[in-house]
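In case you want the letters, here they are:
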Amino acid sequence: MAMTYETRMAWQNRMLLVPALVLLVCFILIPAGAAIYISFTNDALNGFAASHPQLVGLKNYVRLFSDEGFWNSLIVTFFFVFGSSIVGQFVLGLASAMALNRPIAFRPIFNAAILLPNAVPEVVAGFIWISMLAGGKYSTLSRIVGLLGFAPHDWLESTPLLMIIVVNTWRGIAFAMILMTSGLSAVPGEVYEAARMDGATPRQIFWRITLPLLRPTIFLYMLVSTAGTIAIFGLIYTLTRGGPGGATEIIGIYIYNQSFIAYQLGYGSAVAVIVLGVSIAIGAIYVRVLKVQV
Amino acid sequence: MTAYGFLTLTLVFCLLPFLWVVLASVDPNASLFLSVPRGITADHFIKIFTANNGGRWFFNSLVTVAATTAVVVIVGGMGGYALSRTNAWWKRPFLYAIILVRVLPPTALIVPLYKFMLIANGLMGALVRRVVPPYSTRAAMQIFGFVDGYLGLILVLSAMQLPLALWIIKTYFDLTPKDYEEAALMDGANGFQRMHRILVPLALPGLGAAGLLTFIGAWGDFLMPLTFISSAELQLLPIGLFRAFQRANTIDYGYLSALALLYMLPAVAAFGLARRFLVRTFTGGIKG
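From first to last, the protein sequence lines are chains C and H.
Per my numbering: the first sequence = residues 1 to 294.
Per my numbering: the second sequence = residues 1 to 288.
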């Protein structure tokens, strides 16, 4: 029996999706599932457990809760996400978007300057910030604060967490700015005009009109940016490798160090499962709230 | 006025870190710290392609990332088309799953991925030993291997970039009317002709955007080459740069700065070209 045009097309569509499906299943879904399994074993990169991994039940998870390194990493990650993506990038990105939303000379130059940190590879970003921050009185930042009369520091040693927040803020202003610009462009100009006619001050306009109208965009930004910041690895690894003494060991670096430096694959996977859970939760909220058009 | 003040400060904050790498790359006596060069030299750039490993790293990265981009554009093009044209029950779950996949941090997948790649590498090794004479097994595994070989790295990088590409391409096909295809079908065009003459030209902006963003993502990726490539001769630019920078005492800052500039150039160029797609990308999925 000959197939109808519709059935043929349906089969064709399924066949066309197979290569994509194979890649996603092999390199993302199976690993995600395997992470859960490995997290219940004592798997390791060397020694007896490497060739004979055994199920150890919840041991890795129990250890997790009493492991200072894990809690430290969670706290570091929290401050990192909060400081850089929720506060730093958001405030500077929103302010840049609002400033560039006015008639401004040299707008393309300001725009390009803000986008540049986002465009460079992570390793280059780490590389140039080492020159900014390391080396005591010779670092660029020490010389700048020196001009203002402050003492030089070895910034990555004295205030490492603050510094990685600054670096990630630097890198991510563009992302916040792009989203906020698209949010602002959806606000009709008459709204502002009407408010000005009624004698509203710029401050009132910002708090009463701009912010409330931007709320959906801001919420979207917070979700996307939080998920993205949790996933950061290379930027901080090239800068500090998580040190000194775990002060900048964000969760991605903690997983990597536990797995490939301490060789504990099972334990590293338990941490990974927690991170996967948090990320999927954020993704699920995103899908729900956005009611993504498909 | 405050707007200009704020924007100028932001501009300085954004650009200041680049000052050192630009100056050091032409400074014959470059150090880790910012200084005004006494003279200007192109030696560091010349050295990349005449001595040391910089040129090789650059070439390795170019080959791997170009292959990744090709895989993603082809596989994503096929999948994106199917996702756009189908009305099957699995369409919505599939698209939601793509968004969820995009939020999974690669670091959380790296351990099982490593084990999976080890197994795949073993199987590939057995296959290669069967078909390839012993003296060229090693060379073949450098290309087809999954651990310390390019095929594995290309597939992993492709899988990581694929969700975003599927999403972008699907959206583009949504905008291209089905009528053209059906007209071509009526005129007796076969599947290949429909693809070659109608679909690819119509979807070219979407395929281009997906390709650019894949290139940016794979070019800048650090974790995958760090985990899966260990041989010095296979090393990619980000890891070569990172390791060279970690080597205490013998760091040639001028040379590494020139290499870093060369490394960021394609990324910045691609970013510039992809800029107008960024809003759609960021809102249509998760930052990648």
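Any given hint could be a false lead.
With a straight-line cut-off of 20 Å between C-alpha atoms, the simulated SDA-like cross-links for lysine to any residue are [said to hold, decoys possible]: (1) H:K91 - C:N13; (2) H:K91 - C:V25; (3) H:K91 - C:F70; (4) H:K115 - C:M15; (5) C:K59 - C:F70; (6) C:K137 - H:L19; (7) H:K115 - C:L276; (8) H:K115 - C:F70; (9) H:K115 - H:P28; (10) H:K178 - C:N46; (11) H:K91 - C:L276; (12) C:K59 - C:L29; (13) H:K178 - H:L155; (14) H:K115 - C:A44; (15) H:K115 - C:R102; (16) H:K47 - H:P28.
Because the hints were derived from the structure by calculation, they are not lab data.
Now the hints, each set against the structure:
1. Annotation: proposed proximity of K91 (chain H) to N13 (chain C) holds, straight-line Cα distance about 11 Å (limit 20 Å).
2. The straight-line distance between the Cα atoms of K91 (chain H) and V25 (chain C) is roughly 17 Å, inside the 20 Å bound, and the hint therefore holds.
3. Taking the CA atoms of K91 (chain H) and F70 (chain C), the gap is near 39 Å; set against the 20 Å cutoff, the hint is violated.
4. With a CA separation close to 29 Å, the supplied pair K115 (chain H) and M15 (chain C) exceeds the 20 Å bound.
5. About 15 Å separates the Cα atoms of K59 (chain C) and F70 (chain C), which keeps this hinted pair within 20 Å; it holds.
6. At roughly 18 Å between alpha-carbon atoms, K137 (chain C) and L19 (chain H) fall within 20 Å of each other, so this suggested pair holds.
7. With a C-alpha separation of about 18 Å, the suggested pair K115 (chain H) and L276 (chain C) falls inside the 20 Å cut-off, and the hint holds.
8. Distance hint between K115 (chain H) and F70 (chain C) is unfulfilled; the C-alpha atoms sit about 23 Å from each other, more than 20 Å.
9. Using a Cα cut-off of 20 Å, the hinted pair K115 (chain H) and P28 (chain H) is violated, with the two alpha carbons roughly 46 Å apart.
10. Note on K178 (chain H) and N46 (chain C): the hinted pairing is violated, with a Cα-Cα distance of about 56 Å set against a maximum of 20 Å.
11. Under the criterion of a C-alpha separation no larger than 20 Å, the hint pairing K91 (chain H) with L276 (chain C) is inconsistent with the structure, at around 24 Å.
12. Taking the CA atoms of K59 (chain C) and L29 (chain C), the gap is near 24 Å; set against the 20 Å cutoff, the hint is violated.
13. Pair hint K178 (chain H) plus L155 (chain H) does not hold up; C-alpha atoms about 32 Å apart against a cutoff of 20 Å.
14. This hinted pair checks out: K115 (chain H) and A44 (chain C) have alpha carbons roughly 11 Å apart, not beyond 20 Å.
15. Between K115 (chain H) and R102 (chain C), the direct Cα distance comes to roughly 53 Å. Violation of the 20 Å bound is thereby established for this hinted pair.
16. With a CA separation close to 12 Å, the supplied pair K47 (chain H) and P28 (chain H) stays within the 20 Å bound.
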